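Letter by letter, the chains look like this.
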Amino acid sequence: AQTVTQSQPEMSVQEAETVTLSCTYDTSESDYYLFWYKQPPSRQMILVIRQEAYKQQNATENRFSVNFQKAAKSFSLKISDSQLGDAAMYFCAAGGAQKLVFGQGTRLTINP
Amino acid sequence: EAGVVQSPRYKIIEKKQPVAFWCNPISGHNTLYWYLQNLGQGPELLIRYENEEAVDDSQLPKDRFSAERLKGVDSTLKIQPAELGDSAVYLCASSRGASGSMETQYFGPGTRLLVL
Chain A
1 AQTVTQSQPE MSVQEAETVT LSCTYDTSES DYYLFWYKQP PSRQMILVIR QEAYKQQNAT
61 ENRFSVNFQK AAKSFSLKIS DSQLGDAAMY FCAAGGAQKL VFGQGTRLTI NP
Chain B
1 EAGVVQSPRY KIIEKKQPVA FWCNPISGHN TLYWYLQNLG QGPELLIRYE NEEAVDDSQL
61 PKDRFSAERL KGVDSTLKIQ PAELGDSAVY LCASSRGASG SMETQYFGPG TRLLVL
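Those protein sequence lines, which keep their order, are chains A and B. For the first sequence, position 69 (counting from the first letter as 1) is numbered 69 according to this note's numbering, and the numbering increases by one without interruption. For the second sequence, position 28 (counting from the first letter as 1) is numbered 28 according to this note's numbering, and the numbering increases by one without interruption.
In isolation and in its complexed conformation, chain A is listed as follows:
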């Protein structure tokens, strides 16, 4: 069984600043993967970044990076140089055996 917890229901950041969204998870899978998805008001879930748990190196996609702490079961998302288009709900998800479990989400607001 897998559980994912996002302890920050809402976050806000000034445009061009950096923000970190928190996520912790629990899983009984030995081989698992972690994801961050973005869901803007249009409701389309968009993949932001993916991390294979067996890799020690933190994944990076342009302005988005993760801090993966396997022992602590922590998987935070850092957004650098925040842009107005980054405003959305962000969901952390843990996956194994083709099954994804999502957290409750964090609503990110970007202040101009």
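Derived from the structure by calculation, the hints contain no laboratory data. Among the hints, a few may not be true.
[Claimed, not checked] Computed spacing ranges between beta-carbons, pair by pair: (1) A:T60 <-> B:E14: 46 to 52 Å; (2) A:P9 <-> B:L70: 16 to 22 Å; (3) B:K16 <-> A:E52: 31 to 37 Å; (4) B:Q59 <-> A:E52: 21 to 27 Å; (5) B:N51 <-> A:E15: 30 to 36 Å; (6) A:E52 <-> B:Q17: 43 to 49 Å.
Everything numeric in this text was worked out from a predicted model, so none of it was measured. All C-beta atoms in this analysis are idealised placements derived from N, C-alpha and C, irrespective of residue type, glycine included.
Mind docking chain B on chain A? Use the hints.
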């Protein structure tokens, strides 16, 4: 490459009426998922198909929900009869298929259902 297509985008019905949602996955994706997303929460899996076989339907309320994926391509999710509590967004996702690693799931825009 076209993404996951869902229709309709919005549906308003009265309780006890039937409703159906349609999903066409990304071409070549063998695995198809239906998720339920309640307001302010993350998606929850209803059913997963590998080709035309439902391999995980443990969370599907089978007394009123049904799904099919004939020919292993597009899929239909049906609710009959709908209840007030079924008001939510129904998301469809697809991935390339089961392999040695966890495949990334790509989501459609969802269908927002309102039951009155």
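Hint check:
no., hint, result
1, A:T60 <-> B:E14: 46 to 52 Å, "holds, 49 Å"
2, A:P9 <-> B:L70: 16 to 22 Å, "violated, 41 Å"
3, B:K16 <-> A:E52: 31 to 37 Å, "violated, 47 Å"
4, B:Q59 <-> A:E52: 21 to 27 Å, "holds, 26 Å"
5, B:N51 <-> A:E15: 30 to 36 Å, "violated, 46 Å"
6, A:E52 <-> B:Q17: 43 to 49 Å, "holds, 45 Å"
The structure fails to meet hints 2, 3 and 5 from the earlier list, while all remaining hints are met.
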